[in-house]
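Undergrad: Read off the chains here:
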Amino acid sequence: GEDVEQSLFLSVREGDSSVINCTYTDSSSTYLYWYKQEPGAGLQLLTYIFSNMDMKQDQRLTVLLNKKDKHLSLRIADTQTGDSAIYFCAESLNRDDKIIFGKGTRLHILP
Amino acid sequence: GAVVSQHPSRVICKSGTSVKIECRSLDFQATTMFWYRQFPKQSLMLMATSNEGSKATYEQGVEKDKFLINHASLTLSTLTVTSAHPEDSSFYICSARDRVTGFGTEAFFGQGTRLTVV
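Chains R and H supply the protein sequences, listed in that same order. Residue numbers for the first sequence follow the numbering used here, so the first one is 17 and each next one is one higher. Residue numbers for the second sequence follow the numbering used here, so the first one is 956 and each next one is one higher.
Think of the hints as simulated: they come from the structure by calculation, not from any bench. Incorrect hints may have been included.
A few chain H residues facing chain R, derived, Cβ under 10 Å [to be verified]: (1) 959; (2) 963; (3) 964; (4) 967; (5) 968; (6) 972; (7) 1001; (8) 1012; (9) 1014; (10) 1046.
Calculated cross-link-like contacts (lysine-lysine; reagent style DSS-like; alpha-carbon spacing at most 27 Å) [what the hints assert, rightly or not]: (11) H/1019 to H/969; (12) R/86 to H/1019; (13) R/52 to R/83; (14) R/84 to R/72; (15) R/119 to H/1019; (16) H/1021 to R/119; (17) R/86 to R/52; (18) R/72 to R/52; (19) H/1010 to H/1021.
Glycine included, every Cβ here is placed at the ideal spot set by N, Cα and C.
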């Protein structure tokens, strides 16, 4: 079945790069996502990547996909205090299919 | 971007009563809406997939009779927690896909509903 795993916590100093890792089990996953959740709020799509891509860059965000290892990562360059949130890795099989989430990684920014 | 509105944002109810949560897509039509439950320590669990005009598809382990889902129109889905108990206290989040673009790259999320059963 579908399963998405990610570490629960990450602490990074302000100005450094943050790298959040995720693994998924379903090799049929076509769409892979990163969502951000700020305290008490819903989820905001940060970025996504198709399974036929290796990398996608969007301003401070870089997504790397290793399809062979079913490993997805999100790199946030020059981490700021406003980046403090929970980051969810997610996947879906098809464009209209349900989205399955990992447990989320809480990113803590150190001064 | 597209907006999904959830109401209420917070609700406190007595044990044994029922609570209805609404999820509306404000500026787009959503053929499919999803209901999630977020447990303490972050875990986000898909409860059911709601399709307009048909019965919801529930995930394994989710009680259909307890969590009633109705998707009567392309802009509204409701989740009713029946005979609520303290263990149903949680953060419930809905999401919707834009029917027109339907690109599948973005499901828009509501702000969530914090349910507390006392």
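Undergrad: Decide, hint by hint, whether the structure agrees.
TA: Do the hints match the structure? See the list:
1. Evaluation of the residue 959 of chain H hint against chain R yields a held restraint, the C-beta minimum of about 8 Å falling below 10 Å.
2. Taking 10 Å as the C-beta cut-off, the interface hint given for residue 963 of chain H is violated, the closest approach to chain R being about 14 Å.
3. With its C-beta approaching chain R no nearer than about 9 Å, residue 964 of chain H sits inside the 10 Å limit, and its interface hint holds.
4. Nearest Cβ of chain R to the Cβ of residue 967 of chain H: about 16 Å, over the 10 Å cut. The hint is violated.
5. The interface hint given for residue 968 of chain H is violated, since its Cβ lies 19 Å from the closest Cβ of chain R, which is over the 10 Å cut-off.
6. Taking 10 Å as the C-beta contact cut-off toward chain R, the hint placing residue 972 of chain H at the interface is violated, the least distance being around 24 Å.
7. Annotation: residue 1001 of chain H was flagged as interfacial toward chain R, and the flag holds, the nearest CB pair being 6 Å apart, inside 10 Å.
8. Checking residue 1012 of chain H against chain R: minimum C-beta separation of about 8 Å stays under 10 Å; hint holds.
9. A distance limit of 10 Å between C-beta atoms decides the matter here; for residue 1014 of chain H the minimum to chain R is near 8 Å, and the interface restraint holds.
10. With a least beta-carbon distance of about 9 Å to chain R, the hint placing residue 1046 of chain H at the interface is held under the 10 Å criterion.
11. Pair hint residue 1019 of chain H plus residue 969 of chain H holds up; C-alpha atoms about 21 Å apart against a cutoff of 27 Å.
12. A C-alpha spacing of about 33 Å is found between residue 86 of chain R and residue 1019 of chain H, which places the hinted pair above 27 Å, so the restraint is violated.
13. Restraint check for residue 52 of chain R and residue 83 of chain R: the C-alpha separation of about 22 Å stays at or below 27 Å, so the hint holds.
14. Simply put, residue 84 of chain R and residue 72 of chain R have alpha-carbon atoms about 17 Å apart, close enough for the 27 Å limit, and the pair holds.
15. Restraint check for residue 119 of chain R and residue 1019 of chain H: the C-alpha separation of about 24 Å stays at or below 27 Å, so the hint holds.
16. Straight-line distance between C-alpha atoms of residue 1021 of chain H and residue 119 of chain R comes to about 24 Å, which keeps the hinted pair within the 27 Å bound.
17. The hinted pair formed by residue 86 of chain R and residue 52 of chain R meets the criterion: a straight-line CA distance of about 21 Å does not exceed 27 Å.
18. Distance restraint check for residue 72 of chain R and residue 52 of chain R: the Cα-Cα separation of roughly 17 Å lies within the 27 Å cut-off, and the hinted pair is therefore satisfied.
19. At most 27 Å may separate the alpha-carbon atoms for a hinted pair to count; residue 1010 of chain H and residue 1021 of chain H meet this at roughly 15 Å.
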